[in-house]
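*Asks:* Read off the chains here:
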Amino acid sequence: MGHSTTNYNLDQKFDFSAGLKKSIFTVLIIGAVILTAGILMAALGGGHDEAHAEGAHAFHWYKRLYANLWINNVYFTGIAVIGVFFFAIQYAAQAGWSAPLLRIFLSFGYWLPIAGVIMIVSYFIVGHDIFHWTHKTLFDVNSPDYDKIIDGKGAFFFWPLEKGTFPAFFIIRMVVFFGAWVLFFNKLKNLSYQEDLNPGNQSWFKIRKWSALFLVFFAVSSSISAWDWVMSIDTHWFSTMFGWYVFASWFVAGLSAMTLVTVFLKERGYLEMVNANHIHDLGKFVFAFSIFWTYIWFSQFLLIYYANIPEESVYFVERLQSDVYSPFIFVNLALNFFLPFLVLMTRDAKRHGIFLKVICSLIIVGHWFDFFLMVQPGTLGHNGGFGLMEVGMLLIFGSLVTYVVLNNLSKQNLIAKNHPMLEESYHHHI
Amino acid sequence: MERDKNFILGVYDDEDVLLDAISKVRGNGVKIHEVYSPFPVHGIDDVLGYKRSKLPIAAFLFGMLGTTLALTMQFYMMKIDWPMIIGGKDHAAFPDFIPVTFELTVLLAAFGMVGVFMIASNLKPWGQPRIFDVRITDDKHVMAIDLAVNSSLGEGKLSDVLKSSGASEVNFKSFE
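First to last, the sequence lines map onto chains Y and L. Per this note's numbering, residue 1 is the first one in the first sequence, and the count goes up by one each step. Per this note's numbering, residue 1001 is the first one in the second sequence, and the count goes up by one each step.
It is possible that part of the hints are untrue.
[Claimed, not checked] Within a straight-line C-alpha distance of at most 27 Å, the following computed DSSO-like cross-link-like pairs (lysine-lysine) qualify:
#1 L:1157 / L:1005
#2 Y:284 / L:1051
#3 L:1054 / Y:284
Think of the hints as simulated: they come from the structure by calculation, not from any bench.
Sequences are here, hints too, so could you generate the full structure?
*Replies:* Encoded structure:
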């Protein structure tokens, strides 16, 4: 047959136009304005909140800012690392269909070094207000605040130093995870760009080896980072599903973001060799992993609900029986399960950009709410909520991540032109 | 001539020849009754001009039946027929019902889909499948054309079309 990838311009680059940069910058400014308005309202008119605060732990408006910073940073770190993870999966599975999309997946990794710096720096600023276990008195047997359970878990944060001092083990894990993720990302990125210069299979085999190593590391580090950065907020509580739960949330959000970028580029005339079949596959991933997330969410919920052990069920009592958070549980399920499940069920919806654009955007917002529900009840309690600060911070982070991803995407060829499976991908048909 | 009784069969050795032949034969205005092949041929439904299967609709309806059945059964048992307090919950504690509801939805959707497929493709136990050529389970692809439907073209012309499209043999087959 006459068709082959040689008919296409494989050296095409994404033109990150000034107009597009301006739109992203506008969103950033709007986010900053909304955030500032939220801060001003909370700082000046915060009497209402402080009236509720009792005793030693008076509520300050900046705690809400800190919680928001933490939610967004953990969330977008996940989206970034999922880009690298999905790239690695394609090589480990020796997948051919995704060959022209690999650079899109990979470009999300460019947010990782920035996210790592924000995470480590912000821990030292916001950590004490977010993590209950950072309070020194919890570990002092003579103090009235002494907490036997948290004392038992203390070594996980503070080893090898004394409990209640500097959380060495926690910080080491944070640095090691980010460091290794960034190193793996750089290795995969460099090998992929080298492939453009050296035709042949040798790059593919090297990337597969590094991908497999990354996947082994990510399997452990994704779980532990979920305990560290999210689950330890509710220090007494624990769930054996939590690593998977955070990973599932990250994965769907990441897949949605990658699908959005693909559809966006396709609409602007890039990625000529990507057709409805590739879009269909991405749609299937979003659909399937939305259900996977629901399965994990429900498995965690049902066991706790059914067994009804107070130390476990308190997590859902804090959320379901709260005036502030209970509506968001249903927003979470509606956006992340019912909507993608019902809309993306048909074949046509997965093949057309318009459905995917709407659903993927809503899923990205929906999983932000998932992280909102993981972080805010444990840090802010009844002083939390969804307001101007939340919207502003989400817009700021969202526009920054979009800028970094698109900017780096525009610097290299959009398609890995010497990928040995491009021809297979061109004939992809489902 | 009666319909669905007398067929002219084009026998093909290779699936790539077959795919081209289907387009050529249809291009000559011939209506193809069915194409039989020993293994799934990728893209064959597109060249035959088949519409999307309605099987997913059957699956959805049977799935909904399963959901309804499961919820009704559990509400009847747990709330009306024999109310029990389990773990201090309501008699009808909805989250507890979801696993059973999920399983019955999947079970009925799967069974319903297989059943509908069997009946629609004449694989039902009381069905009499018609064998056009025994070699379709071995190494030959067979294109069956109903003579009555294409009577305007005539046997000679149909035979020529099949041969020129790359058929290795052209046979006739009649059913009672």
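*Asks:* If a hint holds in the structure, say so; if it does not, say that too.
*Replies:* Hints, one by one, checked against the model:
| no. | hint | result |
| --- | --- | --- |
| 1 | L:1157 / L:1005 | holds (19 Å) |
| 2 | Y:284 / L:1051 | holds (21 Å) |
| 3 | L:1054 / Y:284 | holds (19 Å) |
Of the numbered hints stated above, none is contradicted by the structure.
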